[in-house]
Amino acid sequence: MVKVEFLGPIAKEPVEIDAKTLKDVSEVLKQDESLKEWLETSAVAVNDKLVSSLDVALSDGDKVSLLPPVCGG
Amino acid sequence: MVKVEFLGPIAKEPVEIDAKTLKDVSEVLKQDESLKEWLETSAVAVNDKLVSSLDVALSDGDKVSLLPPVCGG
Amino acid sequence: MLELYNGALDVAGILKRWYEEESKSNYGAFIPFIGTVREEDGIEGLSFDVYEPILKSWFETWQEKAKQKGAKLKMAHSVGDVPVHESSYISAVFSPKRRVALEMIEEFVEDFKASAPIWKYDLKNGKRVYAKERSTKIKGSGILYG
Amino acid sequence: MLELYNGALDVAGILKRWYEEESKSNYGAFIPFIGTVREEDGIEGLSFDVYEPILKSWFETWQEKAKQKGAKLKMAHSVGDVPVHESSYISAVFSPKRRVALEMIEEFVEDFKASAPIWKYDLKNGKRVYAKERSTKIKGSGILYG
Numbered sequence: 001m002v003k004v005e006f007l008g009p010i011a012k013e014p015v016e017i018d019a020k021t022l023k024d025v026s027e028v029l030k031q032d033e034s035l036k037e038w039l040e041t042s043a044v045a046v047n048d049k050l051v052s053s054l055d056v057a058l059s060d061g062d063k064v065s066l067l068p069p070v071c072g073g
Numbered sequence: 074m075v076k077v078e079f080l081g082p083i084a085k086e087p088v089e090i091d092a093k094t095l096k097d098v099s100e101v102l103k104q105d106e107s108l109k110e111w112l113e114t115s116a117v118a119v120n121d122k123l124v125s126s127l128d129v130a131l132s133d134g135d136k137v138s139l140l141p142p143v144c145g146g
Numbered sequence: 147m148l149e150l151y152n153g154a155l156d157v158a159g160i161l162k163r164w165y166e167e168e169s170k171s172n173y174g175a176f177i178p179f180i181g182t183v184r185e186e187d188g189i190e191g192l193s194f195d196v197y198e199p200i201l202k203s204w205f206e207t208w209q210e211k212a213k214q215k216g217a218k219l220k221m222a223h224s225v226g227d228v229p230v231h232e233s234s235y236i237s238a239v240f241s242p243k244r245r246v247a248l249e250m251i252e253e254f255v256e257d258f259k260a261s262a263p264i265w266k267y268d269l270k271n272g273k274r275v276y277a278k279e280r281s282t283k284i285k286g287s288g289i290l291y292g
Numbered sequence: 293m294l295e296l297y298n299g300a301l302d303v304a305g306i307l308k309r310w311y312e313e314e315s316k317s318n319y320g321a322f323i324p325f326i327g328t329v330r331e332e333d334g335i336e337g338l339s340f341d342v343y344e345p346i347l348k349s350w351f352e353t354w355q356e357k358a359k360q361k362g363a364k365l366k367m368a369h370s371v372g373d374v375p376v377h378e379s380s381y382i383s384a385v386f387s388p389k390r391r392v393a394l395e396m397i398e399e400f401v402e403d404f405k406a407s408a409p410i411w412k413y414d415l416k417n418g419k420r421v422y423a424k425e426r427s428t429k430i431k432g433s434g435i436l437y438g
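Protein chains in written order, with this note's numbering: chain P, 1 to 73; chain R, 74 to 146; chain C, 147 to 292; chain W, 293 to 438.
Each hint should be verified, as a subset may be incorrect.
[Claimed, not checked] Using C-beta positions, here's what the derived DEER-type ranges look like: (1) LYS12(P) to LYS162(C): 38 to 46 Å; (2) ASP32(P) to ASP302(W): 52 to 60 Å; (3) GLU295(W) to LYS36(P): 54 to 62 Å.
By construction, these hints were calculated from the structure, which means they are not laboratory data. Quick reminder that beta carbons are idealized off the backbone N, C-alpha and C, glycines included.
Here chain P stands alone, though its shape is the one from the complex:
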C-alpha cells in the first residue's frame, strides 16, 4: 500500500492505495471526479522527490504527494 497525500488547497484527507507504479495511482485517482482539475494541474512527488514520469515503481509504505499550483512570497 502507498499513501497519497493532497497538499495545499486540495483539502482532501490522505488515502491508502494498492499500487505498484505511479500509473496505478493515476488510474485510481482518475475515478474521483472531484480530483479531475487537480490531477491536470498538480505536480507529483514520491517520498518528497518531484518526479516527471508515471513509470516510477512504488514500494509498500511509499508516500505520493500532489502539489497544486504554487504562489509563495
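Use these hints to put chains R, C and W onto chain P, whose structure you have.
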C-alpha cells in the same frame, strides 16, 4: 573669469581662468603637463551640470569642474 | 538558512541578524528581497501553506548552486496569516562580487515563485480563498492526468 | 532619500528606518543592495570622496525615472574612511511589483558604478591610494583633451 576646480584624486587647487568658452579652458589647461592624463580621462561639468561638447559659452563667475574616473560603492 | 515563522516576519530583526552573521565572511555584496502584503481587492491579508520537506530540498539545491559561485543564500517565509502591510518573505544573497549577487537574487526569486511548494490564500471577509489565478503550475505538472 | 555619512554605515539601523518609513506605502517589493569593504590586497579599508551637487542631481534623475514606474529609490553612502568588513553603500528600491524592483535595482547599481561622482581610495600602510584601475570614466570624458 571662470573658476576651474579639480575633483577627487586630481589634488590640485582651483584656478581662475579668463575664458569665453570651454575651448578656451581646454587651451589653458593643456599647457599644464601634470594635467595631461586627467584631461584625457575626466568628464567636465559647468555649474554642476555635465557637458559633452567644448562649444559651451561661459560667463563671468561660472564654475567648471573636472571629474576623473569614478568608483563608488 | 531556511527559516519558517508563524505569521508576519520581523523584517528589521531578520536583516540585522543575517547581516551580522556574515559580517566577517568577507562578502562584498548583500542583496535581500523583501516581499510585503499589498492592500488590494479589499483583502485583510494573505495566508500561506508551506510543504517543508520539498521546500527544504529545493532550497538546498539552490544553496549548492550559490556555493559554486562563492555565494550564500538565506531565506525566511511566513506560515499562516499575514495582515496587509506586513511582510511574508525575505530571501537574500551574499557574494564576494556584485554581478553574481545581482544575477542570483533575480534568478532565485523567479524560481522561488515558479517552484517553491507554498500555497497562497487571500483573507477576505474572514475567509481563506486559494489564490488560484496568481498561482503557477510546478514544472512537470499534470502527469497523473495523462 | 540621499544620505551621506562620515565613515561606515549603520546598516541595520538604516534598513530598519527605510523599511518603517515605507511601511504604509503599499509597496510589495523592497530590495536593498548593501556594499561592504572586502579584506583583500592587505588593505586596512577604503576611503571615499563624494561630490555632492552632481551626485544629488544624478540621484534625482533616477528618482524621477523610478516614480514613472510607481517605484521609489533610497541611497546612503559613506564619506571618508571605512574599515574592512564595514559597509560604505546601501541603495534600495521600493516598488508595487517584484519585476520592476528586480530590474531597477540592477540598472541603478550599475549606473551608480559608472556615473556617480564618488572616488575610491585604498587605505594601505596608513596611506590613501586612488583606486585608479577599478575606476570608470564617466560618459563623455576627455573632451578637454580633444
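Status of the hints after comparison with the structure:
Here the CB-CB span from LYS12(P) to LYS162(C) is close to 42 Å, well matched to the stated 38 to 46 Å. Roughly 58 Å separates the CB atoms of ASP32(P) and ASP302(W), a value that falls within the hinted 52 to 60 Å. The hinted window of 54 to 62 Å between GLU295(W) and LYS36(P) holds, with their beta carbons roughly 57 Å apart.
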